[in-house]
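Novice: For the record, the sequence lines run as chains A and B.
Everything in the first sequence is counted per the numbering used here, starting at 122 for the first residue and increasing by one.
Everything in the second sequence is counted per the numbering used here, starting at 40 for the first residue and increasing by one.
Incorrect hints may appear among the rest.
Pairs of lysine to aspartate or glutamate, EDC-like flavour, derived with a Cα cap of 20 Å [claimed, not checked]: (1) A:297 / B:203; (2) A:297 / B:189; (3) A:297 / B:191; (4) B:260 / B:205; (5) A:297 / B:219; (6) B:233 / A:135; (7) A:297 / B:222; (8) A:187 / B:164; (9) B:260 / A:211; (10) B:233 / B:222; (11) B:233 / A:251.
Here are the computed distance ranges between Cβ atoms for each label pair [said to hold, decoys possible]: (12) A:124 / B:218: 41 to 47 Å; (13) B:98 / A:221: 49 to 55 Å; (14) A:278 / B:157: 40 to 46 Å; (15) A:192 / B:92: 18 to 24 Å; (16) B:233 / A:148: 41 to 47 Å; (17) B:262 / A:158: 35 to 41 Å; (18) A:234 / B:78: 38 to 44 Å; (19) B:218 / A:278: 22 to 28 Å; (20) A:223 / B:279: 35 to 41 Å; (21) B:165 / A:289: 23 to 29 Å; (22) A:161 / B:78: 48 to 54 Å.
On the chain B side, residues computed to face chain A include the following (Cβ under 8 Å) [said to hold, decoys possible]: (23) 69; (24) 73; (25) 152; (26) 153; (27) 164; (28) 166; (29) 230.
Source of the hints: derived by calculation from the structure; they are not laboratory data.
A virtual CB, placed ideally from N, CA and C, is assigned to each residue, including glycine.
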Amino acid sequence: MRLKINVLIAEPSDIIREGLMSLLGDEEFSFLAPMRDLSTDLPQRLPHIQPDILVMNPNLLQSPAKMNLAAIMQARPQMAVVALVYQYVEPNLLQSFKTVIDIREQGSKIPQILRECCQDGDDTADENYDLSERESEVLVLVAQGSSSKEIADKLNISIHTVNTHRKNITRKTGIKSVAGLAVYAMLHNLV
Amino acid sequence: MCQSVFFVYICNMKNVFFTCRMKMADVIAANHNLILVMPRLGIPLGFGEQSVQEVCDRYKMPVDFVLLVFNVYTFDDYNPDGDGLNQTSLEHLVPYLMTSHKYYVNERLPHIEKHLTRVAQHAGERYGTILKNFFSNYEKEVLEHFASEERDVFPYLHQLLKGERDAHMVSNHFVDHHTDLVDKLTDLTQIVYKYLPGETMTEELNELVFGIMQLSSDLQKHAKLEEKVLMPYIAQLERSLQ
Chain A
122 MRLKINVLIA EPSDIIREGL MSLLGDEEFS FLAPMRDLST DLPQRLPHIQ PDILVMNPNL
182 LQSPAKMNLA AIMQARPQMA VVALVYQYVE PNLLQSFKTV IDIREQGSKI PQILRECCQD
242 GDDTADENYD LSERESEVLV LVAQGSSSKE IADKLNISIH TVNTHRKNIT RKTGIKSVAG
302 LAVYAMLHNL V
Chain B
40 MCQSVFFVYI CNMKNVFFTC RMKMADVIAA NHNLILVMPR LGIPLGFGEQ SVQEVCDRYK
100 MPVDFVLLVF NVYTFDDYNP DGDGLNQTSL EHLVPYLMTS HKYYVNERLP HIEKHLTRVA
160 QHAGERYGTI LKNFFSNYEK EVLEHFASEE RDVFPYLHQL LKGERDAHMV SNHFVDHHTD
220 LVDKLTDLTQ IVYKYLPGET MTEELNELVF GIMQLSSDLQ KHAKLEEKVL MPYIAQLERS
280 LQ
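Taking the hints into account, I'd like the entire structure generated from these sequences.
Specialist: Okay, structure coming up:
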């Protein structure tokens, strides 16, 4: 049998907390003792209680919210942190969450949402953010102003492969623009 | 104050965004970044307990235009549709966009440049030069983009409003640089906090990163106003003159 997904819920409203737990059901999910608020020692406790998913009301985050959220995520990087939203939350903050459950979401879809955010967590858990040799080569050519077509010809690979490399470069470095990549290449002594 | 005042979060329901009956103070509490937008709308602080409607009346701004701007700046899911706006309101759009351009050029970019120069001075010659070059190229690009809008797009709208249609100028010829302009700013923040040596100048670095992020998010909203309100409006006028 598959292991159940450990869910930790942080939400002040009894109605919403109980409602969410009953929608998820205990066949697939098991629930850790839910929290009405976020205690400051949560990051220290996370490695011990080992939740797979933390579903939280973002309004519980003490200011500066983004920093406190980062501390929680860092304490247990393999855990997916999901926002449960029914009040105004700064869009900027919401982006930091793995995914968002809106209070008006269809009940039947919620288990699926949580299942999915667990699954792709597995793929990226220990991802390597260093550029591969080939990616570095592509980066240098991009930085020098070559188009994907030119790079494909030069390295004797398909344009599709070049684009995959470019996507991976952007995902790993966080940099999208050609000018930005050029700077990255210079700072790393690649050009 | 009770947070329930801000029970306005999103979804496809139009009526859950900011409305004219809300208190201006509550709107600002829900999104304090609007404080930076208000001067560009000609609305100063000090509105006491007045509603959005009352404040707008006081400063002779059409409330639906002000709400459009507030909602665009606050809710990512808000999809402005120009159809709901009358022409009087839309007359405020171009002046607002121009004022924003001035704000970016005269205040935000110099602010970033000031901190960037200091960071560059301490980052060593090599890093410093790379950083300064990236920024000065970016600045040139932004200025050129604004200038082209002010030279081509805004006067074209004016022309259309007078009932003249220029066959050489069609709205879908206006090239979109917005994504690129925003991406480059994001890249700059990545470069600054991930790849520059970070031991020194912590405060300057923070000022710089926050300054860039502020401008970047403002520019995104600005672009949304142009893409979702201004351009459809121009296209609609073009059709009506065909």
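Novice: Going through the numbered hints above, which ones does this structure break? Give me the numbers in ascending order.
Specialist: Numbers 1, 2, 3, 4, 6, 8, 13, 15, 22, 24, 25, 26 and 27, in rising order.
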